[in-house]
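From first to last, the protein sequence lines stand for chains A and B.
With our numbering, letter number 101 in the first sequence gets 101, and the count goes up by one each step, no holes.
To convert a position in the second sequence, counted from 1, into our numbering, add 1000.
Honestly, the hints are just simulated from the structure, not real lab data.
Remember, predicted model here, so these are calculated numbers, not experimental data.
Treat each hint with caution, since some may be false.
[Unchecked claim] Covered by chain B, according to a simulated footprint, are these stretches of chain A (three or more residues, beta-carbon under 8 Å):
hint	stretch
1	58 to 65
2	198 to 205
[Said to hold, decoys possible] Think about it this way: if two alpha-carbon atoms lie no more than 27 Å apart in a straight line, the pair counts; the simulated DSSO-like pairs of lysine-lysine are:
hint	chain 1	residue 1	chain 2	residue 2
3	A	K198	B	K1058
4	B	K1053	A	K51
5	A	K104	B	K1009
6	A	K179	B	K1043
[What the hints assert, rightly or not] Listed next, with one range per pair, are the computed distances between beta-carbon atoms:
hint	chain 1	residue 1	chain 2	residue 2	range
7	A	L57	B	E1020	38 to 44 Å
8	B	L1040	A	D209	24 to 30 Å
9	A	D215	B	L1040	37 to 43 Å
10	B	A1048	A	Q66	15 to 21 Å
In this text, a Cβ means the ideal position worked out from N, Cα and C, and glycines have one as well.
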Amino acid sequence: MINWFKRRRNKNTSYDTNEEWVEALSPPVDEQAVDVLRKKLIQGLKPALHKYVDRELDQFVEDVAQDALLKVLDNIDSFRGESKLTTWAMKIAVREGLTELRLKRYDDISIEDLKPEDGSREVFSLTVASDETSPDRSLHESQLIDKVMQIINEELTDKQKKAINALMIQGLPIPAVVKLMDTNRNALYKLVHDARLKIKNKLELEGIDPDKMLDKL
Amino acid sequence: MELTTDILKNLIKSAQMAIEHEIGCDECFDELHELAEMELAGKSPAEAMPLVKDHLDKCGSCREEYKALLEALQNIENGQK
């Protein structure tokens, strides 16, 4: 009976405030509020995602909005009110959509396809042998490469070398590396952050100024 | 495999830009809705949330999501006018 009163009371609400939204989206859920939010999400997602979707944009956006709504309802307790509820919900929907698109992009690519062609492309086995030095590469540049490679080889863990190799040397996009390393984006970022910091600190420790290095390249 | 000058430059730049306390993608996501409203209200992201802005400068995936979020919000706002 209480639920019936709540639904009835909410029937004519325009959901202007966060309090109204939170009440309507908390159990028992006001279906009208869900519908209003779904329409808003679709309205925002279409222009934001259209350049990534080559066909059936309407269906894709509707599916994304539906998945996002489920997440919003599941996590409504965690909404802290730092923004409009619709902004928070849109953030969830945008990530949902782009994550889905990224997964699709790499769905057809096997991990084997993402791996380096041969072992010699692994960073930890990379060396710059003198006979590989091209004529137009200066001695100084070769020395810098040697120094950076030495730091990578000696300071980084195998996981960090793999990530640096995939992202910076092979130039693979982040979602591909996430798949290759069977990790998640946050963990990959932290792994690479630690690696970058180690390289920076080692350069400083050895009295090498990165700005001067870059000037000379 | 030979390192090209461009790869070497990127490696050095990326290391040079590293700061001790960088936030990860999850912490960035936690703040994104707030930053988006601030930016749409005309505030500078770098001043409002420097750590989030720093992360967005360094993480292409989060930056892509943030830009899409701004676009989505602007469209809703325009639709209401």
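*asked:* Check whether the Cα positions of K1053/B and K51/A lie no farther apart than 27 Å.
replied: holds, 24 Å
| message | Please verify whether K198/A and K1058/B have alpha carbons no more than 27 Å apart. | response | holds, 17 Å
**Message:** Looking only at beta-carbon atoms, does the pair L1040/B, D209/A fall within the given range of 24 to 30 Å?
**Reply:** violated, 40 Å
Exercise. When you take the CB atoms of A1048/B and Q66/A, is the distance between them in 15 to 21 Å?
Worked result: violated, 32 Å
For K104/A and K1009/B, compute the direct alpha-carbon distance and say whether it is at most 27 Å. violated, 32 Å
Has the given pair, K179/A with K1043/B, been kept, meaning a C-alpha gap of at most 27 Å? Measuring from Cα to Cα gives roughly 36 Å; hence the hint is violated.
Inset, instruction - Indicate whether the distance between the beta carbons of L57/A and E1020/B respects the range 38 to 44 Å. - result: 43 Å Cβ-Cβ, so the 38 to 44 Å window holds.
Task: Outcome, coverage of the stretch 58 to 65 of chain A by chain B - at least 3 residues whose beta-carbon is closer than 8 Å to one in that chain - done: violated (count 0)
Take the stretch 198 to 205 of chain A, compare each residue's beta carbon with every beta carbon of chain B, and decide whether three or more fall closer than 8 Å.
Check passed, 3 qualifying residues.
Per the hint of 37 to 43 Å, is the separation of the Cβ atoms of D215/A and L1040/B within bounds? Check passed, 39 Å falls within 37 to 43 Å.
Checked against the numbered hints above, the structure violates hints 1, 5, 6, 8 and 10; every other hint is satisfied.
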